[in-house]
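First to last, the protein sequences are chains E and W. Following the working numbering, the numbering of the first sequence begins with 1 at its first residue and continues without gaps. Following the working numbering, the numbering of the second sequence begins with 1 at its first residue and continues without gaps.
Derived from the structure by calculation, the hints contain no laboratory data. Careful: at least some of the hints might be erroneous.
Claimed, not checked - Subject to a maximum C-alpha distance of 16 Å in a straight line, what follows is the list of computed EDC-like cross-link-like pairs (lysine to aspartate or glutamate): (1) W:Lys60 / W:Asp94; (2) W:Lys157 / W:Asp94; (3) W:Lys157 / E:Asp24; (4) W:Lys157 / E:Glu34; (5) W:Lys209 / W:Asp153.
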Amino acid sequence: MNDLEIASYLDRGLSAQDRSRVEDHLVECSECRENVAGAEQLMTKLRRPRRLAAFAGLAAVAAAALFVVSPALMRARQPLDLVTRDAGTSSTLVAYEPIATAENQSIRFSWAAAPDAGSYRFVLSTPDGTTVWSFTGTDTSVMLPASVTLDRDARYVWFVDAILNDGTTKSTGLQQLRVSSLTH
Amino acid sequence: MDSTAPLELNRLLLAPHVTDREAAWDELIARHTRLLMAVARSLGGDHDDAMERYSYILEKLRENDFRRLRSYDANVGATFPTWLTVTSRHLCLDLHRSRFGRLRVESGTDRSDSLRAVRRALLDLTEGDTPPDTIVDASSLPTDGLALRGDLDDCLKQALVRLTSTDRLLLTLRFEDDLPASRIAGILGMPTPFHVYRRLNSVLAELRKALQSRGIEGSDG
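So that you can see chain W by itself, here it is in the shape it has in the complex (with noise of 0.2 Å):
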């Protein structure tokens, strides 16, 4: 166990008898009962849904001698409470599926409905008067009339292609799941959802400058 890692973590996993392992335990999970709570109730559903999936992490993270407890390493860069919260969203995840199931992925759109916003995205920036909070509404866009057609959507996947991976992730985002700037400031590590719109315009601009060096115009064609 790294030294960076929670003092109370570091008792549980080092503790030399099951006293004071049960001691560091109860310890660990008075420390973090809130964020285990939270995660447990996330998901939704009543008060015994949520009691029953605290108890299903308490259960998971004590088995096999704490092995997902001990699986945590602080060196690889993330915090504890962190990696609770994952790890703890994880297992609830893990009860719903092997009770009803696998979760849907909520998603906004395809992959296919996604370009189609980003050409859509491309036109609304053309036409320079709208906010950018709103250039990116997929469920507004038209059907047909769309001037980029045919070879654009090839272009356009050579143009994604060559931005960096933080901007792909951020169309995608935007695009594709259909979250807010806000959640998408949150993901991204930027400061707020304002630096969101921003790099979006920016973006999408650097994208319409590629298409436009191969000679495609969007917004008439």
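Just chain E, with the same shape it has in the complex (with noise of 0.2 Å):
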């Protein structure tokens, strides 16, 4: 079996007739059930904390419908209280909020740093996905280049993974950023 036939074994993608012939195999050959069983064991490991993670994204939603972000607000340089202090886990990382700098106008990214990382990985992207910035280095904040140019009225996300010495990550979970809130 190929990858493309385990992966989507493993995703219920297959037609019956294909997945008759799939499990057909699969009886006789260990080393493919081997394979299935190895991915499906990580594939459910991975789920747990999507799960978490779907509803931080959730919450964050919810919180930015409520919280109308203001330009005091955003100099505050707060946590901003949306996703990860209401996720109740100390395994995320706390995003501060954005700070709009007046000489240049453009934008800082803060996050807390967090015990033992090796790098950050910082990803701006428009709320269908679209990346429109990333960046990764050791700093916990980071300036948004004059380069990239935000629609005013567009709604953004933005989140950081830190990638700690021991191969985990820990993420601020997906923030929203108002860009008409950015005011000097």
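Starting from two chains that each stand alone, build the complex the way the hints lay out.
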């Protein structure tokens, strides 16, 4: 079985005929069974935090709907009371509110340091998932380059993943950014 | 590339320029870092081992103008994360084999033990008071004293052939691979482990009925 067949089997994406053919093969082939079982076990592990992330993402959207970002608040540099703390878990990364800088009208994004973080991956994207800008570094803040132009009327989302030295990751979860609120 | 493939993959594979491609590659990896790291860690070892596997996955995914990524076809029925999980795990196994030889496939029993476990399960089912989650412990099988011998295995094999492919795989995963019901449920797409237990009991009852119809009684022969 190739990888695509195994993945399709696990995703229940095969036709009944193909599924039966694959299962007949799996009965006879212990190596493919091991591949299927190993991948399934991994996916199960990956799914567990994802449920939390999905919940956190939902919470972020709900919170964003209630929370109108004022310019004053944007400069207050207080932790956003959106995703991470509401999720009630210490395994997430705390995000701070973006700051609109007066000098060049750019935006600085900041987040709390994670112990043992080897690097941080910052991603700014549109709500449909299209990346606008991404950056990997060791600092706990990043300035949006002047070359990146954001639509004032658009909404964006951003997140930071801390890649820890033990290989695990922590994430801020999705943070909402309302550009129209960024005044100076 | 199919239109239902993830946007970041389409952007990578359709990027007209090297700079666009590199940006799309960064985006794709950023989006799936957690998955790839989980795969890299899943084969054990220390942090360096995991990071070596992680690097190897990235290297192989980029190889030959992203040949592996281009082989993903959303029309076949797999989501991209699932395909990426399977493929990257496959790559990790390849790396391990290149260093240390073939991994031993963990299997609780061999095929003959599997048949014996099915026989035992049939016997337990006859007695009727065995909890469903304990009827398939192959390691507890006695080496003698089982009633079903000789022709029984042949009849059993014939009865197994008449089962659906899913039921045969169910028995294989349980009796040959010794997997717990929770993992079998995940593999076969059953909602809970209890569905696995119920289906196991049903299949075993079906097998027993098939054997009885051929004049074979399991519990005392």
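Numbered hints the structure breaks, given as an ascending list: As far as the earlier hints go, 2, 4 are violated by this structure, in ascending order.
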